[in-house]
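Each chain, written out:
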Amino acid sequence: NAGVTQTPKFQVLKTGQSMTLQCAQDMNHNSMYWYRQDPGMGLRLIYYSASEGTTDKGEVPNGYNVSRLNKREFSLRLESAAPSQTSVYFCASSTDRTGELFFGEGSRLTVL
Amino acid sequence: AQSVTQLDSQVPVFEEAPVELRCNYSSSVSVYLFWYVQYPNQGLQLLLKYLSGSTLVKGINGFEAEFNKSQTSFHLRKPSVHISDTAEYFCAVSVSTGRRALTFGSGTRLQVQP
Numbered sequence: 020n021a022g023v024t025q026t027p028k029f030q031v032l033k034t035g036q037s038m039t040l041q042c043a044q045d046m047n048h049n050s051m052y053w054y055r056q057d058p059g060m061g062l063r064l065i066y067y068s069a070s071e072g073t074t075d076k077g078e079v080p081n082g083y084n085v086s087r088l089n090k091r092e093f094s095l096r097l098e099s100a101a102p103s104q105t106s107v108y109f110c111a112s113s114t115d116r117t118g119e120l121f122f123g124e125g126s127r128l129t130v131l
Numbered sequence: 150a151q152s153v154t155q156l157d158s159q160v161p162v163f164e165e166a167p168v169e170l171r172c173n174y175s176s177s178v179s180v181y182l183f184w185y186v187q188y189p190n191q192g193l194q195l196l197l198k199y200l201s202g203s204t205l206v207k208g209i210n211g212f213e214a215e216f217n218k219s220q221t222s223f224h225l226r227k228p229s230v231h232i233s234d235t236a237e238y239f240c241a242v243s244v245s246t247g248r249r250a251l252t253f254g255s256g257t258r259l260q261v262q263p
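Going line by line, the protein sequences match chains H and B. Numbering of the first sequence is given in the numbering used here, commencing with residue 20 and proceeding in unit increments. Numbering of the second sequence is given in the numbering used here, commencing with residue 150 and proceeding in unit increments.
FYI, nobody ran anything at the bench for these hints, they're computed from the structure. Treat the hints with caution; some may be incorrect.
Below, in silico cross-link-like pairs of lysine-lysine (BS3-like), each with a Cα-Cα straight-line distance of 27 Å or less [what the hints assert, rightly or not]:
hint, chain 1, residue 1, chain 2, residue 2
1, H, LYS76, H, LYS33
2, H, LYS90, B, LYS198
3, B, LYS198, B, LYS218
4, B, LYS198, H, LYS76
5, H, LYS90, H, LYS28
6, H, LYS76, H, LYS90
From chain B, some residues computed to sit far from chain H (all C-beta separations above 12 Å) [stated by the list, open to error]:
hint, residue
7, GLU165
8, PRO167
9, GLU169
10, ARG171
11, SER177
12, LYS207
13, PRO228
14, HIS231
15, ILE232
16, GLN262
Simulated restraints on C-beta separations [unchecked claim]:
hint, chain 1, residue 1, chain 2, residue 2, range
17, H, LYS76, B, SER201, 22 to 32 Å
18, H, LEU88, B, GLU169, 39 to 49 Å
19, B, ASN217, H, LYS76, 30 to 40 Å
20, B, GLN159, H, ASP45, 34 to 44 Å
21, H, GLU71, B, PRO167, 45 to 55 Å
22, H, THR34, B, THR204, 48 to 58 Å
23, B, ASN210, H, PRO27, 28 to 38 Å
24, H, ASP57, B, GLU169, 19 to 29 Å
Predicted, not measured: the structure shown is a model, and the values here were computed from it. Note that beta-carbon positions come from the ideal geometry of N, C-alpha and C, so glycine has one too.
Sequences are here, hints too, so could you generate the full structure?
Put into structure tokens, the structure is as follows:
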């Protein structure tokens, strides 16, 4: 059972470059999320999607865009990367009733 | 909006000693509460959750937590820790109405020493 799969696991970018983080889940969950994790700050919500075709901003959406391609896939795009976006990014999906999250293994992004 | 405070950023403890990791939350509506664990260079996995019913919740690896509504707390406890419990622990809250996205605390690093 794959659960939530993220790619790539590691990426190094130069300032101004763009990239897309891919996420797919096989648990038939309606809701999907992108969080970023920074030391001492826990996980902060970037964007989420409550269902196919809908997306909403979270706590820290600036500099990011998302696409809910279908029920399984939810991608995160950095159009012009900045050093402040150096972080570990986690994709998650959830059951709708309680919000319990199932996480991917994370994507470590470094922006030079 | 809801919020979560984890009072200790680091907790050092000796192997086989008891441990308590503290978590307080703030919300104007009913909540669901979670503890997640993150081992080095891994994703987060669920330790335990409180949805309703008994306020004492048992999770994996011998951990338990108690929901205290009057003190808005959800502290995590283990009576005897092992070296393998060394990890970062996150408390999180979601609300029973409206948007269900989890709000996380800043995390507590548990360091178990031999």
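Each hint, compared with the structure:
1. In summary, the hint linking LYS76 (chain H) to LYS33 (chain H) is supported, as the alpha carbons are separated by about 25 Å, within the 27 Å threshold.
2. Restraint check: the Cα-Cα separation between LYS90 (chain H) and LYS198 (chain B) comes to about 26 Å, which is no more than 27 Å; the hinted pair holds.
3. The hinted pair formed by LYS198 (chain B) and LYS218 (chain B) meets the criterion: a straight-line CA distance of about 15 Å does not exceed 27 Å.
4. About 26 Å separates the Cα atoms of LYS198 (chain B) and LYS76 (chain H), which keeps this hinted pair within 27 Å; it holds.
5. For the hint pairing LYS90 (chain H) with LYS28 (chain H), the CA-to-CA distance comes to about 22 Å; that is within 27 Å, so the pair holds.
6. With a C-alpha separation of about 18 Å, the suggested pairing of LYS76 (chain H) with LYS90 (chain H) holds against the 27 Å cut-off.
7. Taking the minimum C-beta to C-beta distance to chain H, about 29 Å, the non-interface status of GLU165 (chain B) holds against the 12 Å cut.
8. With a cut of 12 Å on Cβ distances, PRO167 (chain B) stays outside the contact zone with chain H, its closest approach being about 25 Å.
9. The claim that GLU169 (chain B) is not at the interface with chain H holds, since no C-beta of that chain comes within 12 Å of its own (minimum 19 Å).
10. Even its closest Cβ contact with chain H, about 15 Å, leaves ARG171 (chain B) beyond 12 Å, as expected for a residue assigned away from the interface.
11. Every CB of chain H lies more than 12 Å from the CB of SER177 (chain B), the least distance being 17 Å, so the non-interface label holds.
12. LYS207 (chain B), annotated as away from the interface, keeps every beta carbon of chain H farther than 12 Å; the closest lies near 16 Å.
13. At the 12 Å boundary, the C-beta of PRO228 (chain B) stays outside the reach of chain H, the nearest C-beta of that chain being 26 Å off.
14. Separation of HIS231 (chain B) from chain H is adequate, the least Cβ-Cβ distance of about 23 Å exceeding the 12 Å criterion.
15. No beta-carbon of chain H comes within 12 Å of the beta-carbon of ILE232 (chain B); the shortest separation is about 23 Å.
16. Look at GLN262 (chain B): its CB is around 22 Å from the nearest CB on chain H, clear of 12 Å, so calling it non-interface holds up.
17. Distance hint check: the CB atoms of LYS76 (chain H) and SER201 (chain B) are about 30 Å apart, consistent with the given range 22 to 32 Å.
18. Taking 39 to 49 Å as the suggested C-beta distance range, the pair LEU88 (chain H) and GLU169 (chain B) conforms, at roughly 43 Å.
19. For the pair ASN217 (chain B) and LYS76 (chain H), the beta carbons lie near 33 Å from each other, so the given range of 30 to 40 Å is met.
20. Roughly 36 Å separates the CB atoms of GLN159 (chain B) and ASP45 (chain H), a value that falls within the hinted 34 to 44 Å.
21. Taking 45 to 55 Å as the suggested C-beta distance range, the pair GLU71 (chain H) and PRO167 (chain B) conforms, at roughly 46 Å.
22. The beta-carbon spacing between THR34 (chain H) and THR204 (chain B), approximately 50 Å, falls within the hinted interval of 48 to 58 Å.
23. About 30 Å separates the C-beta atoms of ASN210 (chain B) and PRO27 (chain H), a value consistent with the hinted range of 28 to 38 Å.
24. Checked against the hint of 19 to 29 Å, the pair ASP57 (chain H) and GLU169 (chain B) passes, with Cβ atoms roughly 26 Å apart.
Checked against the numbered hints given earlier, this structure breaks none of them.
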